[in-house]
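Student: What follows is the residue order along each chain.
There are 2 protein chains.
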Amino acid sequence: MDKPNRSDIKSYFMSLQDDICAGIESLDGNGKFQQDLWERAEGGGGRSRVILGDKIEKGGVNFSAVEGHLPERISKALGLEPTDFFATGVSIVLHPHNPMVPIIHMNVRYFETSVGKYWFGGGIDVTPHYIVDEDARFFHNYLKTVGDKHDEAYYPHHKKWADDYFYIPHRNETRGIGGIFFDRLEADASHTKQDRFDFVKNVGESFVPIYSELVNRNHNRPYTEDHKSWQLHRRGRYVEFNLVWDKGTKFGLQTNGRIESILMSMPPMANWTYNHEIKPGSDEEITQSKLIKGIDWAK
Amino acid sequence: MDKPNRSDIKSYFMSLQDDICAGIESLDGNGKFQQDLWERAEGGGGRSRVILGDKIEKGGVNFSAVEGHLPERISKALGLEPTDFFATGVSIVLHPHNPMVPIIHMNVRYFETSVGKYWFGGGIDVTPHYIVDEDARFFHNYLKTVGDKHDEAYYPHHKKWADDYFYIPHRNETRGIGGIFFDRLEADASHTKQDRFDFVKNVGESFVPIYSELVNRNHNRPYTEDHKSWQLHRRGRYVEFNLVWDKGTKFGLQTNGRIESILMSMPPMANWTYNHEIKPGSDEEITQSKLIKGIDWAK
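If you read the protein sequences in the order shown, they are chains U and A. If you're matching positions, the first sequence starts at 167 in my numbering and goes up one per residue. If you're matching positions, the second sequence starts at 167 in my numbering and goes up one per residue.
Hints were generated in silico from the structure; no laboratory data involved. Computed from a predicted model, the values in this text were never measured in an experiment. One or more hints might be untrue.
In this list, chains with the same sequence are indistinguishable; a pair is considered to hold if it fits within one copy or across any two.
Derived DSSO-like pairs: lysine-lysine, alpha-carbon spacing no greater than 30 Å straight-line [said to hold, decoys possible]:
1) Lys359 <-> Lys198
2) Lys445 <-> Lys413
3) Lys169 <-> Lys459
4) Lys198 <-> Lys169
5) Lys456 <-> Lys242
6) Lys310 <-> Lys459
7) Lys283 <-> Lys445
8) Lys456 <-> Lys169
9) Lys198 <-> Lys445
10) Lys176 <-> Lys459
11) Lys394 <-> Lys169
12) Lys283 <-> Lys465
13) Lys465 <-> Lys198
14) Lys465 <-> Lys242
15) Lys416 <-> Lys459
16) Lys169 <-> Lys445
17) Lys445 <-> Lys367
18) Lys198 <-> Lys242
19) Lys416 <-> Lys465
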């Protein structure tokens, strides 16, 4: 297969995990990642790393590289012949203590079959408990800059994809302010495999600068019990998205993945209140009003 | 259609909801149910009732009777021709404050099509945070007595069905100590429609005596912060079951049901700890060891 090959990509993702963990430890100032190495009976394994820190209440940064025979149900769903597969990637979810700091998620991944197909996928999205417009603009403009360096069609296309993906149909609301989501990036007339990989690398390397900025802007802001209670309520929605709608989570739970690594994304604590009511004119109402698709934050 | 007809059954379920709410208020001693009436655009509606009490931290008792055209995806899955449908039932989940008191769930329901098919379904299951063997035996023997009055095949068949249904595959554990689960009970050579209905009534009417006994046995038992923490952990598993595996919840979320009524079953608060470890020899370990299928509690 063309360069970069699976070994190049795997090595890169391992070093990306190292760099991101170092960056988050430095940002947190106190917490240290604990690592679990795990192996998968059918082939491959991973390094799950979890931090319980001063600013990050609970965070997971997972690397995995797995291989084996692709279950027929999945190969069919992907429109592939029966095939062996190799998949590697880095997945992150960080839940902060301070409700003024957003939750962040990132995933970068590579998938390859023995029948000659491969693609890159990934995404990064931010879920503020309280939306700060300037922060949302900073985040989206950062992603637009990353995308534009590679292909000016990337950001608009991947931003819309994120709006559609990080969406909770049964609540008719987005999970947060979106970001980018992409899948099935392969070589084509205008992009080599290396081009696609370079873009994915840039996405991965944007994680620490983006989240550092969002944390540093907000982590000293004071908050009350009411703000904490809203945070636990929003985390309940995060759980609903992940368990009911997130394709990656569902795939993992239904195919005997490593459960603790898949569910690292769960918040440390979440609340459900029947018929939760939002005070008119409150900050919570303003945030809720912006949990919709199609806001052009990068303008 | 044979007696009892949909109107008889609907009326009965409404009075069952009334009786159960009165029984739970009496058991709680202080909490009162708040009611929301709701209507469904396509036809029908319901009465959602929620209690935030002294013994019951959060509980919901929902009645609904809905009708309309059955989405084709569902009629196909049920092996039916295109049809209108009518469905009515009562659903309950109660989350207690005291971790020594179990969570309880019950559902009784009736489904009817315009192409001449109908059936009853339902179930009742108990999820102790700490399993007490004598309580589990009391509960299962109660259900066995209810079943045996109607058909000695009911309890063994429905008990196994509950073991299989109230199961969390990705955790390889049962939700709790099971109970009974049944579906598609229609008239056959040995049961009239009235016979089936009489059984369902007996199941519904067993709810208050069963839960009253379980609460009264346990609600004065002292507990520590560690017990509370385990309760929040077990509630996390309850959330995982309901959002990932429960067919009723998934059906509701994917078909535009009334979300707040469907998710009344969510606990007020739940925790997720990465790689939660259980102390060898602890009460938690004993409970965990009994979250398996096939325990014959009624012997």
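Student: Would you mind marking each hint as holding or not holding in the structure?
Tutor: These are the hints, each one checked on the structure:
1. Lys359 <-> Lys198: This pair counts as neither: shortest intra-copy Cα distance 35 Å, inter-copy 64 Å.
2. Lys445 <-> Lys413: Cα proximity of Lys445 and Lys413: none, with 33 Å in one copy and 34 Å across.
3. Lys169 <-> Lys459: Answer is neither; intra-copy 37 Å and inter-copy 50 Å both fail.
4. Lys198 <-> Lys169: For Lys198 and Lys169, neither the intra-copy (35 Å) nor the inter-copy (67 Å) Cα distance is at most 30 Å.
5. Lys456 <-> Lys242: neither (38 Å within a copy, 38 Å between copies)
6. Lys310 <-> Lys459: within (17 Å within a copy, 52 Å between copies)
7. Lys283 <-> Lys445: This pair counts as neither: shortest intra-copy Cα distance 52 Å, inter-copy 47 Å.
8. Lys456 <-> Lys169: neither (42 Å within a copy, 52 Å between copies)
9. Lys198 <-> Lys445: between (39 Å within a copy, 24 Å between copies)
10. Lys176 <-> Lys459: So Lys176 and Lys459 fail the 30 Å test inside a copy (34 Å) and across (40 Å) alike.
11. Lys394 <-> Lys169: Answer is neither; intra-copy 48 Å and inter-copy 54 Å both fail.
12. Lys283 <-> Lys465: neither (36 Å within a copy, 57 Å between copies)
13. Lys465 <-> Lys198: neither (37 Å within a copy, 51 Å between copies)
14. Lys465 <-> Lys242: neither (40 Å within a copy, 47 Å between copies)
15. Lys416 <-> Lys459: Answer is both: 23 Å inside a copy and 24 Å across each meet the 30 Å cutoff.
16. Lys169 <-> Lys445: Intra 56 Å, inter 49 Å, cutoff 30 Å: neither.
17. Lys445 <-> Lys367: neither (43 Å within a copy, 42 Å between copies)
18. Lys198 <-> Lys242: neither (42 Å within a copy, 52 Å between copies)
19. Lys416 <-> Lys465: neither (34 Å within a copy, 38 Å between copies)
Violated hints, listed in ascending order, are 1, 2, 3, 4, 5, 7, 8, 10, 11, 12, 13, 14, 16, 17, 18 and 19; each of the other numbered hints is respected by the structure.
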